[in-house]
Structures are given as structure tokens and as C-alpha cells.
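Residue numbers (my numbering), protein chains in the order written: chain A, 1 to 372; chain B, 1 to 245.
Keep in mind the hints are simulated off the structure, nothing from the lab. One or more hints might be untrue.
[Unchecked claim] Cut-off 30 Å, straight-line C-alpha distance, at most; resulting in silico cross-link-like pairs (DSS-like, lysine-lysine):
no., chain 1, residue 1, chain 2, residue 2
1, A, Lys365, B, Lys3
2, B, Lys60, A, Lys203
3, A, Lys217, B, Lys211
4, B, Lys62, A, Lys366
5, B, Lys222, A, Lys203
6, A, Lys203, A, Lys217
7, B, Lys60, B, Lys3
8, A, Lys17, B, Lys113
9, B, Lys85, A, Lys365
10, B, Lys85, A, Lys17
11, A, Lys203, B, Lys13
12, B, Lys211, A, Lys17
13, A, Lys314, B, Lys60
14, A, Lys17, A, Lys338
15, B, Lys13, B, Lys113
16, A, Lys66, A, Lys49
17, A, Lys366, B, Lys60
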Amino acid sequence: MIVGRNMFFNFVTKEFKHIFRDVRTLLLVLVMPIIQLLIFGFVISADIKNASFAVLDYSHDVQSNKLVQRLTASGYFKLMGYLKNENDIEKAFRNGDAKLVLIIGEDLATKLERERSAYYQIITDASDPNTASILAGYAQSVIYAFVAENYSSYLRLMPVEIESRMLYNEEMSSAFMFVPGTMVLILMLVTAMMTSISITREKEMGTMEVLLISPLKPWHIVLGKVLPYIGIAFTNVLVIIFMGYTVFHLPLRGNLLLLLALCSLFIILALSLGIFISTVASSQALAMFMSMFALMLPTILLSGFIFPIENMPKVLQWLSLIMPPRWFLSALKTIMIKGQGLMYTINEVLVMLGMAIMFIILSIKKFKVRLE
Amino acid sequence: MIKTIEVDKLTKKFGSFTAVDNISFSVSSGEILGLLGANGAGKTTTIKMLCGLLAPTSGKIKVAGYNAYLQAEQIRTRIGYMSQKFSLYNDLTVWENIHFFGGVYGLWGKQLKLRAEALIDDFEMRPFMNLTVQSLPPGWRQRIALAVSLVHNPPIILLDEPTSGVDPIARRMFWETIHQISANGTTALVTTHYIDEAEYCNNVLVMVDGKLVAAGQPNELKSLYNSTTMDDVFLSLARNENTKI
């Protein structure tokens, strides 16, 4: 029916006008994703450079000097100075002068040569546990390399050579974590939150009543309202993938079409969630509040974006099972970074499909009830 | 006279609260019927049932010969509705609002353009047709909302508190416009809590606490209750209801 199609086109045009006429909305949906990606990429980087460290050196010989120089030259550390005695260690941490203190036992050079073992200790400031363990790891590996280089010829320090490889992310780049994570966050924001707000806005303004008594069917109204956001969300997906690839050197190992299909599925899921929220919330403020607490916080905390799900208490692990972003993030990483096909993400895809259908059915029911 | 709206023993309950209590009335084509009452008297609930937005608990409603709620589809193209809340898009221009709602009612292309032009001229909106609605004074916004409710040439218009929050001069202009529209045979059902506006109507219904307490022409009611103004009529009616309780 030509008239029907025109009615629909009319609706979508109007919706785009709302978005493009409000500078704040436009910034929120098109500019903010890019800024957020850059912030996550450059500011909250998990890669550590120039961490301050102090040394408590009991040997003061050639080798201990070399070791300190070696640490400084690694690029990970910056020497803040030498400590006089053990009491200074606490002070250095308290003042925030050092993130790591290296204690070198007496007679390092002699002991290494004669006894083939030496005493050293690494102390880190674990008020930030993630950074502390990363720093300890870095220092450890620098020291191993130093010992191996200087004494391997006549010192069998490492009879078994352990070589660990970080599969799929050899350089330990944090881009692998935040690019998919930011994508989830932005799709949630642009689709779920924006649609729920834009539908409740019509309720609040009274235009929804006028639309409901018009010949338009409820699904015309809902589809007309969400279609522009599908377009915008998909644009965001393309921008994020492109920026991840060019700016952050995130490889695209999987099938691009499969990746885009997966993103589309998640967009539909987030939209149905947004529509569901709009049927429950009576005002824009409430819709915003619900989106924030029901969507954004769980996306950040429980999806595995920042905190690994495996480390959570059992109750939170179960809770994460009902969080849509968790499934998307997992599938996204499998396809994008591991380069696997559909078969390896079938669980995630089915769960997301089921969730989307559930929210759509709930929304339809709720919508009808509201009209009674 | 053809009856365009017929309401028979209409009741709406929300839980234990009866919002509309067994009311019956009818409206002829070309008539302006005023539905008067204080806030919470059941005016909006009545009008929402007429639109098919609410299902009645009991009773019958016929609008343009169709059963409201059961045949809502047929009624939709035959009524124009102004919601109690302001019902235009503030960030769109006058022209865009008319165009959008015209499109909603299936008008398009040349037909839509002609209709929109006609409304712009009828309502003298040409000087500001390209301004956004939010930049216009409230009186004008209500006029535009009325114009928009007429975009599909409906034989019946249901206006819910169209003059609330509008200054007296703009209210007077608004009622003049309603008279012009009804002169062309359009039926208008208008709710208001400004009792003096009853004078603008052919017939009035007075609702108190969901019940219909008086009905008739303004002059009839005034002589019946020995009053010189509709305000006095309304006050004596409201007092009677309260003393009953």
C-alpha cells in the first residue's frame, strides 16, 4: 500500500528532524562515541609506562648498579632514588613517591658468581592491585633477563626454560579489551537509552495520545521511532570498527559480515530493551534513570568489559548471565579477535535472540495493557 | 438532526473509584457541546473513551455511527482530537507539524500540500509558518493544535480543555474559530473548566464527581436555576451535589 509506506516514511523523517535539530542529542549519538573510544584508548590504558620505583641496595656493587640501570632502561620504570634503610620503604609508598621498591641483598655480584643464587625482593603498592601485579610481573621479567644474559654461560639458573605466549594478543594491548567494551557501552547508550527516552518523550508531551488515536498502528509508531536509531547505531558500529583498526591497530580476524550481523542482532536486542523500558516508564526522567541503572552500570560492571566474570562471586556470575551485554561481548571477542566463525558463538547468538524475542513480547503485552 | 455522538449509560471505574458514573447524552451534527466540570469531574475520562483510548467499564458509545473501542479503526479517521496535554512537536515548525500529522492520516503529495495551505490561510498562520512551535505564544500554539486536529477534515472534533492556560482574548478568538468550524457542519465536543465558556456552546453538560447533574442550553439552565450567569448555575449545582454527600 503506497499510502502506508508514505505514512511510515513521514514518521521516520520527523524522527530524524528531532535528532538533527537538537545539538545535544546529535553530539550524544554521533560525537560522544568517538570521544569515549579515544578516552578509553589513551587515558585508561592498562599498559604501564614510567612507573616510579625506588631501590634499597645492600650490595652497592657493579652488578647491582647494572641491574638498576637495566630496569630504568626498560621504559616501564623511572628511578626515583635510593632508600637508606627498611624504614624508608613505607615512607616512599605513603608519600606516593614509588609504586615499586626493589630490595637487593648483600653482595649480589659475588653471590651470583660463587653460590649461583642471590637474594632480592620486589615490594609493590597494592592499593591499586591491578597495577601492582602488572608492575611486579614487569620487574620480574627484567631481572630474569638480566641474570640470564650475564650468567647463563656458566650458571644454570634456568634448567627449564618457560616461555609464555599471550595467544590472540601477543603485545598485551589493552585495545583488545576496550574496543569491544566501548562498542557494547555505546550501542546500549545510543539504542536502548535513546529509544526509551524518545518514546517516553512523546508520552510526556501528549503527542503519543494523538498518535494512538490516529490510523497508525502501534507497531508503525514504535518502528518509526526506532528505525533512525538503528541507522545511527549501525553508523557507530562502523566508526568504532574502523577506528579500532586504524587508530588502535585492533586486528579484524573474523568474517566482517558475520561481525556486522552480530552487531545488528545486538542492536535489535538493545532496541527491544529500550522499547520495554519505555512501556514501563512514564516519564523521560524515569526512563533515563532506569536506563542508567538497569543498563549502563551492569554493562560496565557485569559484562566482563572491565572486571573478569570468572573472578566474581558466584551470585554475581549468575546475575551476569541475564545481562545482554555479557553475551554480545563474548561473541564479539570470539569473532573479532579470535577470528572464529558462527559455530563458536552459537550459544551467545541464541541467547541474544531469545532475549530480544522475550522483550518484544513483553513490550507488546505491556503496550496493550496500557491502552485498556 | 443526525446524531453523531450517542452515549448510553456510560460508566468507567478505575478499581473502586468511579470516574464516570452512568452518563447518557447525544450530540447532533454541527452542534457545539460543552462538557463542564471541575478538575477531576470525569471530563477527560469521558473524552478518552469517545476516542477509543480507554475501554468503558459498561455502557455504549457510538461515534459517527460506529461503536467506539470495538470499531475504533473506522472512528479514527472521522475524529479530530486535541489532548489536554499540549500535543504538537515543539522542535518542529508550524508547517512541519501540519505536514507530519497530515501524513499520519494518510495524506501525501499534492493533496497534503493543498490541505496544509488551506489550513495555513484559514487560521492566518502564514507569517509564522516556518517558525518552531516553541517560539510562539501559548494562545497561538493552541490555535495551531486545533488546526492540526482538523488536517484530515474530520466531521467530529473532540477538544479536551483546549483553552486552559490561555489568556482571555486568545480564548475568545479560539471560540470564534470553533464557531466557524461548526458552521460548516462539524460537530464539536469541548471540555472546559472555565464556566463562562458555556455561553459559547449550543448545549452544555455539567459533570460533578463523575455524574451528569445538568444538561441543556445555557439559557434554559440559567432560567431553571434562577441565575444570571452560568457561574451561578454551576455553583448551585456543585453545592447541591456536596450537600447530598
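Hint check:
Using a Cα cut-off of 30 Å, the hinted pair Lys365(A) and Lys3(B) is violated, with the two alpha carbons roughly 36 Å apart. Restraint check for Lys60(B) and Lys203(A): satisfied, since their Cα atoms lie roughly 28 Å apart, inside the 30 Å limit. At roughly 33 Å between alpha-carbon atoms, Lys217(A) and Lys211(B) are farther apart than 30 Å, so this suggested pair is violated. Between Lys62(B) and Lys366(A) the CA atoms are separated by roughly 27 Å; this keeps the pair inside 30 Å, and the hint holds.
Restraint check: the Cα-Cα separation between Lys222(B) and Lys203(A) comes to about 40 Å, which exceeds 30 Å; the hinted pair is violated. Straight-line distance between C-alpha atoms of Lys203(A) and Lys217(A) comes to about 16 Å, which keeps the hinted pair within the 30 Å bound. A threshold of 30 Å between alpha carbons decides the hint, and for Lys60(B) with Lys3(B) the separation of about 14 Å falls inside it, so the pair holds. Distance hint between Lys17(A) and Lys113(B) is fulfilled; the C-alpha atoms sit about 19 Å from each other, no more than 30 Å.
As the CA atoms of Lys85(B) and Lys365(A) are separated by approximately 25 Å, the hinted pair is consistent with the 30 Å bound. Under the criterion of a C-alpha separation no larger than 30 Å, the hint pairing Lys85(B) with Lys17(A) is consistent with the structure, at around 22 Å. For the hint linking Lys203(A) to Lys13(B), the alpha-carbon distance of about 23 Å falls within 30 Å, and the restraint holds. Of the supplied pair hints, the one linking Lys211(B) and Lys17(A) is violated, its CA atoms being roughly 44 Å apart against a limit of 30 Å.
For the suggested pair Lys314(A) and Lys60(B), the alpha carbons sit about 58 Å apart, so the restraint of at most 30 Å is broken. For the hint linking Lys17(A) to Lys338(A), the alpha-carbon distance of about 41 Å lies beyond 30 Å, and the restraint is violated. About 43 Å separates the Cα atoms of Lys13(B) and Lys113(B), which puts this hinted pair outside 30 Å; it is violated. Distance check on the hinted pair: Lys66(A) and Lys49(A) sit about 20 Å apart at the alpha-carbon level, within 30 Å; holds.
Distance restraint check for Lys366(A) and Lys60(B): the Cα-Cα separation of roughly 26 Å lies within the 30 Å cut-off, and the hinted pair is therefore satisfied.
The structure fails to meet hints 1, 3, 5, 12, 13, 14 and 15 from the earlier list, while all remaining hints are met.
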